[in-house]
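Construct the complete structure from the given sequences, taking the supplied hints into account.
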Amino acid sequence: MKLSVATWNINSVRLRMPIVRYFLKKHAPDVLCLQETKCPDENFPYKDFRKLGYEHIAVHGQKGYHGVAIVSKQPFSKSGRDSFCGKQDARHVSAVLDGDAGLSKPLAIHNFYIPAGGDEPDRKINPKFAHKLDFLDELKSYSACLDSIGGGRSILVGDLNVAPLEHDVWSHKQMLRVVSHTPIEVEKFGAVQKAGGWIDMMRGFVPDTEKLYTWWSYRAQDWVASDRGRRLDHIWTSPALAGAGREMRVLRGARGWARPSDHVPVIATFDL
DNA sequence: ATGACCGACCATGTCGGA
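In the working numbering, the protein residues as written are 2 to 273.
Misleading hints may appear alongside valid ones.
Claimed, not checked - Below, a list of computed lysine-lysine pairs in the DSSO-like style, where the Cα atoms sit at most 30 Å apart:
{"no.": "1", "residue 1": "Lys-125", "residue 2": "Lys-174"}
{"no.": "2", "residue 1": "Lys-141", "residue 2": "Lys-195"}
{"no.": "3", "residue 1": "Lys-79", "residue 2": "Lys-64"}
{"no.": "4", "residue 1": "Lys-27", "residue 2": "Lys-212"}
{"no.": "5", "residue 1": "Lys-79", "residue 2": "Lys-141"}
{"no.": "6", "residue 1": "Lys-27", "residue 2": "Lys-79"}
Just so you know, these hints were derived from the structure itself, not from any lab.
Take a look at the structure:
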């Protein structure tokens, strides 16, 4: 069975509903994982999603900032919300799809919003950077647990806020001291990946030697002309799904839609 | 300095984003 999963840092789900609607009508992924919903659970636009055919919804939100959600055309058998670093800051939500979704074996989908890390890449003077590094350490020890809820078949997506490879940023050299591409973050990010055996699905479709971005700053005068992007959004699979990917698209054009998010959707299709 | 923006909120500035 084919299953498509999209991830999109939406930067306020309520404000962005017009382009979310457009995206779902045009691309119709089975599952959409959102980050930075900036929306308390009770104010999540459930009705809008149900109307669009996404009747199965798991949210982990809070007022003002952060917040994640999974909306799906296929039913879940369960959903979960984990906390990291002893904070209740709405950075993870998961769902398990199985027989009712037409799958012969269960599949877990984990949706993450990893801390951005602030400006200064120094944990001694920047608590946000310390939190990001600690979050990555905790995620490393938690990788096996994440995979266990899907019985060894998991997809991990989200705004992971690290651009690990040289061609995940517009200038490797100029980004080495910029949060999201510093060696310490890349090292810890790699350790998370290794601990869970997670496979970088996107790079299975685009060679490491080719530029690949999912985020362009709002601050650029002309994001197309400067094209100074970063690949901060990711789609990982557990080893059991290594060969299951069929297609991967980064919807670069979405950065130019009306009132855009600074991130664009990434859609992956699997044969499960 | 890459760049000087964007969104939420008990708002007319401050925090968070990255």
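Results for each hint:
Taking the CA atoms of Lys-125 and Lys-174, the gap is about 24 Å. The hint holds against a cut of 30 Å. A C-alpha spacing of about 8 Å is found between Lys-141 and Lys-195, which places the hinted pair at or below 30 Å, so the restraint holds. Only pairs whose Cα atoms come within 30 Å are accepted, and Lys-79 paired with Lys-64 is accepted, the gap being roughly 24 Å. Taken as a hint, the Lys-27 and Lys-212 pair is honoured in the structure, with Cα atoms around 26 Å apart against an allowance of 30 Å.
Among the hinted pairs, Lys-79 with Lys-141 is consistent with the structure: their alpha-carbon atoms are about 23 Å apart, no more than 30 Å. Restraint check for Lys-27 and Lys-79: satisfied, since their Cα atoms lie roughly 28 Å apart, inside the 30 Å limit.
Comparing the model with each earlier hint shows no violations; every hint is respected.
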